[in-house]
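> Since the structure of chain A is provided, determine the placement of chain B on it from the hints.
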Amino acid sequence: MSIVLPGEYVPAQHVNLKLGPGLLQLSSGTQQAKSAPVISTRSGILNHSANKSKWWVEGNSRRYVPASQESVIGVVTGRSGEGWRVDIGSAHPASLDGLAFEGATKRNKPSLKVGSLVYARVSLAHKDMEPELECFDAQTHKAEGFGELKDGFVFQCSLQMSRLLLDPKHFLLPLLGSRFPLEAAVGVNGKVWVSTKETKHTIAIVRCIEVVDPDGGGMDEVDVKKFLSKLDI
Amino acid sequence: MRPPSPSIPEKKFIYDALNQSLRLDGRDMLDLRTPTITFGPELGWVECAMGKTRVLAQLDAKMVKPLPERPFEGIITIHSEISPMASPDYEPGRPSEEEVTLTRMLDKVLRRSDAIDKESLCILAGQRVWQLRLTVHVLADAGNILDCSCLASIVAFKHFRKPEVEVIGDEVIVHSPSERAPISLAIHHAPFCVTFAFFPDALTRPVVDPSLIEQRLSAGLMSIAMNAQREICVLHKAGGVPTASEEVLRLINVASILVKDLDKLVEARLREDWEGRKVEVR
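First to last, the protein sequences are chains A and B.
Position 2 of the first sequence, counting from 1, maps to 2 under UniProt numbering, and the rest follow consecutively.
Position 98 of the second sequence, counting from 1, maps to 98 under UniProt numbering, and the rest follow consecutively.
The following block holds chain A by itself, in its conformation from the complex (with noise of 0.2 Å):
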């Protein structure tokens, strides 16, 4: 395990070379790809696969930096033309094209008011360009999950916490859904949408993912444990 700091040169090589978040091939004109250069864009822990083909750094930034194929929850925070300007914590708004949902055609596009929620796929990021969104498979056209969020409520945690939600082998969503029925999508975004029957659930959800979130508490399962059978639910 290392840690790097932006600029710094990573011992990245391979000949199926995949770059993760957090780091940058520098583009070195006539020269061979394979022989670039390779530099970390942020600060974190370097993290490489088991044949070394697949590098990636993990920190816990605040702001979200969009990359393509990732599930983020954004705000609506207005129309442009054909789609929608969509909040998803970066440093531009993204855009969400009326055309890039399930069923969608130019007569019968969905109605998204100004602060719904979406939960969408980033299917453009660009240094230079502002992020794009959309809300199906462009393959298969079909929603697979992606879509409005209606009701419930939707919450900041840090986004390393988001990523930790997202892993199948994390304790927490896991206990809270043996204690009462939830749902919830999360976006790597740091953005964390639950829906439940009684109020009180949600606020416990809220409440728990923020003293696991390793930003604040970070409790571990047997305090968790502890601090749920303290709260009213």
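Warning: the hint list may mix true and false statements.
Claimed, not checked - Derived DSS-like pairs: lysine-lysine, alpha-carbon spacing no greater than 27 Å straight-line:
#, chain 1, residue 1, chain 2, residue 2
1, A, K197, B, K264
2, B, K52, B, K278
3, A, K150, B, K108
4, B, K118, B, K52
5, B, K12, A, K200
6, A, K197, A, K225
7, B, K12, A, K150
8, A, K200, B, K11
9, A, K113, B, K11
Unchecked claim - Quick list of simulated restraints, FRET-style, between CB atoms:
#, chain 1, residue 1, chain 2, residue 2, range
10, A, N16, B, P200, 41 to 51 Å
11, A, L231, B, H189, 34 to 44 Å
12, B, P200, A, P181, 37 to 47 Å
13, B, S96, A, Q69, 34 to 44 Å
14, B, M29, A, L166, 33 to 43 Å
15, B, H79, A, S61, 22 to 32 Å
16, A, G216, B, D114, 35 to 45 Å
Unchecked claim - Simulated coverage check for chain B against chain A, where a stretch passes if three residues somewhere in it have a Cβ under 8 Å from a Cβ of chain A:
#, segment
17, 24-35
18, 246-253
I should point out that these hints are in silico values taken from the structure, not numbers from a laboratory.
All C-beta atoms in this analysis are idealised placements derived from N, C-alpha and C, irrespective of residue type, glycine included.
Positioned in the frame of chain A, the structure of chain B alone reads:
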């Protein structure tokens, strides 16, 4: 970029929860987040945290010539700053609306309420007085930066000690802390600020110490600055919802209890810090 207002589901949920007297962080409607006060290596360096809201206040003193119209009084200046470090919603440059409110409230609570005896800051009439400079930095904004800043500032005033000076004729001798123990400021009273948030639905009771989302969804805020002797220094309510006078009186009573607790907490923390601190005296 101005932050977008909370989304429709957020609004609906928070209003519903408040109607049932439930708050997102599990507090009661009239509960404060317990402040944590941390002192820095220097006297007058105080960091105050309420939940995730964090404010740093720093006080320093220097000698200046007094204003010609007030030759017997020291000078207190307050600088407050909300930088983008507090939250990405704030931009550098032109002061935002929140920053103006914060600066004006701090001025009213600390300076205009005559909390600090300015005449005791005089060294040599018309020649030399102490100038106290308070700098308030908002480090993180998770709601109610005003109360947190006021608390941090008043604790900074209480924590600070100015070096002892000796006047012989027209000569001023400043003793370094290693020679003579520095002396604390003369403080008449310590006002604490408590903020209440009102909501558009008349049936929802007001909450104290609003979190960021409660603050954004509120229809109006009311700040009461009061000292432990139940004297109101400032009552600030700029617009918002119409409020009955009985309600205001009720909230003032609530504030007086909260302020007493705050005063106790601050005194205990100051004593604790002073005992652990070594100010060198021969």
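> Each hint: holds or not?
Checked hints:
Under the criterion of a C-alpha separation no larger than 27 Å, the hint pairing K197 (chain A) with K264 (chain B) is inconsistent with the structure, at around 42 Å. Restraint check for K52 (chain B) and K278 (chain B): not satisfied, since their Cα atoms lie roughly 30 Å apart, outside the 27 Å limit. Note on K150 (chain A) and K108 (chain B): the hinted pairing is violated, with a Cα-Cα distance of about 44 Å set against a maximum of 27 Å. Distance check on the hinted pair: K118 (chain B) and K52 (chain B) sit about 34 Å apart at the alpha-carbon level, beyond 27 Å; violated.
Straight-line distance between C-alpha atoms of K12 (chain B) and K200 (chain A) comes to about 14 Å, which keeps the hinted pair within the 27 Å bound. For a cut-off of 27 Å, the pair hint linking K197 (chain A) to K225 (chain A) stands: about 21 Å separates their Cα positions. A C-alpha spacing of about 11 Å is found between K12 (chain B) and K150 (chain A), which places the hinted pair at or below 27 Å, so the restraint holds. For the proposed pair K200 (chain A) and K11 (chain B), the alpha carbon gap of about 16 Å is at most 27 Å, so the pair holds.
The straight-line distance between the Cα atoms of K113 (chain A) and K11 (chain B) is roughly 14 Å, inside the 27 Å bound, and the hint therefore holds. With their beta carbons about 58 Å apart, N16 (chain A) and P200 (chain B) fall outside the hinted range of 41 to 51 Å. The hinted range of 34 to 44 Å is satisfied by L231 (chain A) and H189 (chain B), whose Cβ atoms lie roughly 40 Å apart. Checked against the hint of 37 to 47 Å, the pair P200 (chain B) and P181 (chain A) fails, with Cβ atoms roughly 31 Å apart.
The hinted range of 34 to 44 Å is satisfied by S96 (chain B) and Q69 (chain A), whose Cβ atoms lie roughly 36 Å apart. Distance hint check: the CB atoms of M29 (chain B) and L166 (chain A) are about 35 Å apart, consistent with the given range 33 to 43 Å. Separation of H79 (chain B) from S61 (chain A) is about 30 Å and conforms to the stated range, judged on CB atoms against 22 to 32 Å. Remark: the range hint 35 to 45 Å for G216 (chain A) to D114 (chain B) is upheld by a beta-carbon distance near 40 Å.
Residues of the segment 24-35 of chain B lying with their CB closer than 8 Å to a CB of chain A number 3, which satisfies the three-residue condition for coverage. Beta-carbon proximity to chain A at under 8 Å applies to 0 residues in the segment 246-253 of chain B; the threshold of 3 is not reached and the given coverage is violated.
In summary, the structure is inconsistent with hints 1, 2, 3, 4, 10, 12 and 18 from the numbered list given earlier, while agreeing with the others.
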